[in-house]
Structure formats: structure tokens, C-alpha cells
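A.B. asks: Produce the entire structure from the sequences given, and follow the hints as far as they go.
As you go down the protein sequences, you meet chains A and B in turn. Numbering-wise (numbering that gives the first Met the number 0), the first sequence opens with residue 0 and increments by one. Numbering-wise (numbering that gives the first Met the number 0), the second sequence opens with residue 0 and increments by one.
Don't read these hints as lab results, they were simulated from the structure. These numbers were taken from a predicted model, which means no experiment stands behind them. Check before you lean on any hint, since a few could be wrong.
Taking beta-carbon pairs under 10 Å as the criterion, some of the chain A residues facing chain B (in silico) [what the hints assert, rightly or not]:
| hint | residue |
| --- | --- |
| 1 | Arg25 |
| 2 | Phe90 |
| 3 | Ala244 |
| 4 | Gly388 |
| 5 | Gly391 |
Footprint (simulated), chain B over chain A, 3 or more residues, beta carbon under 8 Å [claimed, not checked]:
| hint | segment |
| --- | --- |
| 6 | 129-139 |
| 7 | 156-166 |
If you want the ones that stay clear, here's a sample from chain A, every Cβ over 12 Å from chain B, calculated [to be verified]:
| hint | residue |
| --- | --- |
| 8 | Asp48 |
| 9 | Leu198 |
| 10 | Ala277 |
| 11 | Glu350 |
| 12 | Asp370 |
Heads up, the beta-carbon is just placed ideally off N, CA and C, and yes, glycines get one too.
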Amino acid sequence: MPLTLDDRDQALLNGDGGPAAALAMRIVSRTAEVMRAERLVDITGAHIDSCLYNGQASVDFPKRLADGGAQVVVPATLNVSSLDLIHPELFRGDAHTASQGRLLMELYEGMGCQPTFTCAPYQQDNRPNVGEHVAWAESNAIVFANSVLGARTHRYGDFLDISAAITGRAPLAGLHLDANRRATVVFDVSAVPERLIALDAFYPLLGHHIGKRVGKAVPVVVGAPNHVAEHLLKALGAASAAAGAVGMFHLVGSTPEAPTLDAALGGERAAETSVVTAADLRLARDQLTTSTSSKLGVVSLGTPHYSVAEFGRVVEALDGRRVHPSVRLYINTGRSVANEIALRGWIPLLEASGVQIVTDTCTYITPIMEDIDGVAMTDSAKWAYYAPGNLGVDVAFGSVEDCIESAVRGEIVRDEGVWADA
Amino acid sequence: MPDAERVLMSGEARGPVLHLEEPISFWGGLDPWSGTIIDQAHPQVGESIVGRILLLPSGRGSSSGSSVLTEVLRAGIGPAGIVMRHADEILVIGALAAEELYDITVPIFTVDEATYGALTAADAIVMAPDGTITTG
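C.D. replies: Quick look at the structure:
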């Protein structure tokens, strides 16, 4: 069946809502045709990734929309931008990038988007419920929305996000539909030693391993503990969406559409079952580490943006100790989480330890970090994947405890004991 | 649903083939100012996509791949065409935006396994608006 537009959609396409809404509807409906949607669906919200400056095109598109009088018709949150407006002194880039980055933030706010500037909109108060259709862009947010919240969004790119927010419509296809949310590939982790599964780092490493193997298929993980914490599911999803094209995963006993393996598979047989071993996780750890040097230049945490729970772990691990004078420790987060940890009294503690908090953006997007003399260390598989290309640095992946311990000592120390036989 | 031969973006192109042996994220994988692949873990790191027809298994990674594709097309340092084994909406959205904003069309086709395999051996290919692909 070809795409059928309803009267409202057709009216927008015809220009009844003005030229900007017509442009937005052309983008939505043409994307729907490519996705083989038979119709569009109302959305309850959008998350806009397009507010990051990627050159002139990233400005021209919203400018065309804003000049045409566009306004969003559903609540729309904004992803990370190119600037930290709360800590503007951190920016080390050129004036043109700064002014264009600023312009983009203003253009999207002018169209009615909320100035949230976070890649983790799901860490804010208002988040979509199970079954709600939304149009989210930002790969880690997409996979979290589908997998952990049970909301429904396809793997959208920049420009479709704002177009959906302006029309209030998205293609009813892809991960919006039950049939495509069913897992087809099983990853069985029951053979992984318990001491590795107990590590926070298990989840991003598993995500990297899965992303490398499944492409855009929907995987289900079986054999992990029940009720895994949200920040660990976030790390798994982000890693799988960076290393692959995962828009949704299931983790039996933790994610809402996977109370059982059979439920995640939709009652059908898996196309493929893969047994995960300690060696697979070890390989993922090695792939995310590009240097064996122990010379530490910088530590970056918070990709995706850190949650309150993750900040709590940092405060605990630092235990009042100072970061070594030769090392900078950056933590990326969103404004709402920054406000929450301020209320808890943690910001003075972190600052006294020498931690630099970055809001609105991320250290691998924007020139913030000072000249890095040594390896960059991170607890994020996603940051470790992109930073060598984006920043030209060598990286070392470690647990958050490894990262904090290294930052305090001024050299890379990783707990190898737990990996000894892996 | 299997991705057989489909025209995702119609258009024509002729050019040398760059076979990307692994999926790529245009954001974080491609330098938007030069059109060079910067994903340090990608087999084709250091190669230029400028004016070439990309043959790749699928997309990957960032949503910002859309705007990076639009930007390299605007700047005249984009690919001439894209042939994929599996459809990727993120790249198609970037191509749609380039057509809307700048009237620049980049054809994007998907092909089946056998055709894909055969094209990996081609030095140059021609993409026709009806979806046919010929080598040479």
C-alpha cells in the first residue's frame, strides 16, 4: 500500500499552514514513503538533534523554517548544542562557530523548542510513557526511548525531528510498529562470569559488542540480572547505537517489552542466538582503547549526559580527594541534572576536587578541553568510539572507578585483576 | 523486511566507486570540512568521498549524519551517489534536505546481496534514475 495522507496532512502539504509547514510536511511524507509507511501518526513530543552546528546547512534549514513562520505544535526538547551557555568561558573554538552555534540555539528556541540542550532528555521530569509515539533524534535518546521507556520512535535524523515537531506527525512505520519492535537476535550472557556482569562497565562493553554485530536488527539480552539500573541501560543503548544502528534493544527482566524472552521475541523463533563470552567483552574493551601508554592527559565522563545517580558515584569515588594537577576531569550533563546536584550540595564538593562540569554540550563535540598531553580516559564507550576521530586523541576506556582513581593519581590505572582470565 | 532493489532517492550519477567495507556514521565518521573519512576504527579511514559513488552495507550511529550529508553536498564535497545493501533513513533525510535547500540531488539506491557483491569489484558505476546500475 502506498502512503495515504489524511486531510490535515494534505492541507499542510498544499501550503495551508504556510511555506514552512509545507516544507516540514514534504520532509515527513517523503521520509514516510522511504520507510514504506501507509500513513502518518500523531506524535506527543519530539527531541531535536538538529541544533548542533555542522556547517552552513545546519543553519540554512531552520532558518528556512523560521523565516516561514514555523512553530512546533508538540513539546520539543533540544539536544546538545555547540556551546555551553552556562560556562561560556570554556569555549576554545573560533568566533564564527560560536556565533553560528548561538544562532542555531536561538532559531530553535524561537520556533518554540525548550532550551534543554541535553542528549539525555529522558533524565528530565516529563518523559513519554509506554506506547506513546514521538519523533526523537540523537541515537542514544532514540534507543533509550524505545527500549527503556517503551515509547515509540524510529531512528530519525536531523531535520526530520523538527519537521515532525512542526507538523505533529511521524511516519507510522519502522519502530513505531509492533512487528518491528520484536527482537530477532538473542545475546545470551549467562556464560559471562558474575564478577564481570557485576561491573558497570559490563553494560557499555556489551552494547559495543552487540552494536558491532546486529546492525539495525533488534537484539534481546538474556541472562543478565533483573531490574538493571537506568544509567546502565543508557550506557548499553548508547554504545550499541554508536557501534551499530540499534534503535531498540530488550533486556529480559529489565525493559518493559521484555518480561520474558518469549515476549521479547513476540512468540516467534529467534533468527540467531549468540553466546557472549568474557573474551568478547575483553575485545570490546581493547577496541575502545587506542593506546597502552599510562600517561594520562584528561578524563571525560558523561556521554551521554550524566544522571544524578552517576554524579553520586563520582562524589563517592572521589571521597574529597583532589584531581591531580596534571589532569583535567570533565563531566558533561544537562541543565536539569546540574540544578538537581546543586540542590544536593554536590557542586562545591566537585569543584573543590577540581572537577569541571560542562553543560549544554559535550567535550567531544565542542573545543573545550585544553591541549591534551597524554591519553584521554572515559567510562563511555560512545565517547571512546568517536573521540579519536573528532579530537585526534588516543583513548582508554575504563570503569568510572578506574577513571576517578586515574584522575587522582595522574596516570592511567585500570583494575586488571577482574579481567585477568577474560 | 528485506531490502531488495529500491530507489530511495531518484537521480543519476556516474563516478568512481568507494567501497566502504563497514557501516559508517557520517557524523563523527566523516570530516564535514573536507569529505575525508576520520573514523579511526573504519577500514577506509583517510579516504575521500568527494565525487565518488559510495557502496556501503548500511548506515550507523549518529542522527547528525543527516546534516553532515546535507552540508557536504552543499559545499560540493559530497558523494556523487550512494548504493547501500540496507536502507538508512538518516542518510535519506540528509539527501531530502539537500534537494529542498539547494536543489542538489544525490541518488540513493538499495541493492540485493548478489548485486552488491558484484559492484564491489567495479571501478566505476553509473546510476540511472529508474534504479538501474551499470558498471564502467
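A.B. asks: Against which earlier hints does the structure fall short, listed by number upward?
C.D. replies: Hint check: 2, 8 fail, others pass.
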